[in-house]
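J.: One letter stands for each residue in the lines below.
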Amino acid sequence: MGNQQSIARFWGVPLFWLFCLVIATFSFPYFEELFRQVAPNQRQVIYTRDSFFALLLNHLSLVGIAAIISILLGVSSAIFVTRSYGKDFLPLVSQIASMGQTFPPIAVLALSVPLLGFGALPTILALSLYGLLPIVRNTLAGIQGVDSAVIESARGMGMSSFQVLRQVELPLASTVILSGIRTSVTINIATAAIGSTIGASTLGDPVISGLVNGNTAYVIQGAILIGLLALSTDSLLDRLQNRLSTRR
Amino acid sequence: MTNNTMIELQQVSKLYEQTAAVDAIDLTINKGEFCVLVGTSGCGKSTTLRMINRLIPHSAGKILIEDQEINSFNEQTLRRRIGYAIQNTGLFPHWSVERNIGTVPRLLKWPEKRIQERVVELLELLNLPYSDFAHKYPSELSGGQAQRVGVARALAGDPDILLMDEPFGALDPITRESLQNELLRIQQQIHKTIVFVTHDMDEALKLANHIVVMDQGKIIQQASPYELLLNPATAFVSQLLGGEDRGLKQAGLMKVGEHMFAAKSSNINNMVFNSLGFDISATEQLASVKTHDSLRFALSVMLWHQCDMLKVEEEQQLVGYISLQQIMQARPHG
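Line order of the protein sequences matches chains D and X. Using our numbering, read the first sequence as starting at 7 and increasing by one per residue. Using our numbering, read the second sequence as starting at 225 and increasing by one per residue.
The hints are simulated quantities; they were obtained by calculation from the structure and are not laboratory data.
Residues of chain X placed beyond 12 Å of chain D at every Cβ, according to the derived structure:
(1) 265
(2) 398
(3) 515
Partner residues are not named here, just some residues of chain X that face chain D (Cβ under 7 Å, in silico):
(4) 279
(5) 300
(6) 312
(7) 314
(8) 331
We put the beta carbon where it would ideally sit given N, CA and C, even for glycine.
When you get a sec, could you build the whole thing from the sequences and use the hints?
T.: What follows is the structure, given as structure tokens:
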């Protein structure tokens, strides 16, 4: 990957989706005629309550904050239960993580409203709980998948437990961990839209409002942006993952 | 205990629940000795090895390295002083060969320049050219190359002791043999104290100058290879030695060079040949062996060529002869 041409080719897919996302965010007002075909009976066919750009930023920051929380919590708890002093908790943690996935996000949202009220906070809570499972599961799989001979020789050469973790286990598990993060973030980009039902401002706003008012054009605008955002993030993380695994 | 002792185990045991994997063994390993622990699977040889660098804590007894109880050291400090090589190499797949070999020096906080010099030196010692191998990753190496790197990595911190747990067990016979020869060559240069675990008696006989036979957590016999072959202590030991195969194993330990008669002037050769009832004019067609080949190898060459006399050559030059009779009468002087 020495020259610029191959760098462009390597990052080409995520760049393409990002480009589409930016174009779509700013150009919907120019396609009013097109959207009128979809919803001919509506007085207004372009969602204007908030700018799409503001909704995009809000959506991203909700997902971003939730992702940081689930990564910190997920990776550290998986590390904890794979240490000798934490292995009693291994079954418990993997059970909780898989229960989290069977719980529908809308239920978490509904349950967290009485605790945290309406708005961004309950959405972040629901997203971080929901995104925890793939991260915990993949971090566990990644660490447990490291060849035991490699760990033994690391210890045998005099690495401390922390050095083994930091220099051997985590780097070797990193592609698997990153693929868990990728799954988690991609799912949450879609799930975050539901936050609009409890008052968080996200790209779900046009979708919900369109559904309530029977305005298909709004629904399509929100859906296109959510889709493009998911595609951009997913392909970006895919490239990062690829980068990590070709390093060895 | 003399000051020639490197490692000493006194009444060392390892208990799992109530069963003893290693049962009150006493073992003294001298400086510069090549000590091979041999036995069937589950006999406690690996456990014994791994108790020396505390990968497995011992349940009872004392383990001393240069007169100091190993539990008196910091665990990591102890291990950085002891080279460790294992069967599946345990190379770090995400690090280049160079970085792998530099592991212990880096843990010991050597300056970067010294680490690099050490890596160059070791790759050269193991016959892996620096420019070809330093930047490769373990997945790009053959089994034999990976194990060479494993040995280089174990030697990197210049430890006094080298522990090797069946390092050549997963290699094909040809690669294994060439690595055994390399290890013997290297040991002649570096004189480490080596503790080597194997289940292969041939490997033990070839490498060791001190063989420790273990069974069910106990030491059955310890002796030099010759002594073990001549006087196996129990039926188990002679079974490990391959029963009647012993004759061939013993011949495998003796070198042609030590038992041939050297080529002298043709007159003397004539006399010797006559006394052996051998026709001197036939020597041109004799098959040849080298001085460092084993008598076992020479015997096999004789069987193949259906003859009872061989030429001994070194670099295309005739240096002596060896006959079937000499092979049969050869006794180790070990």
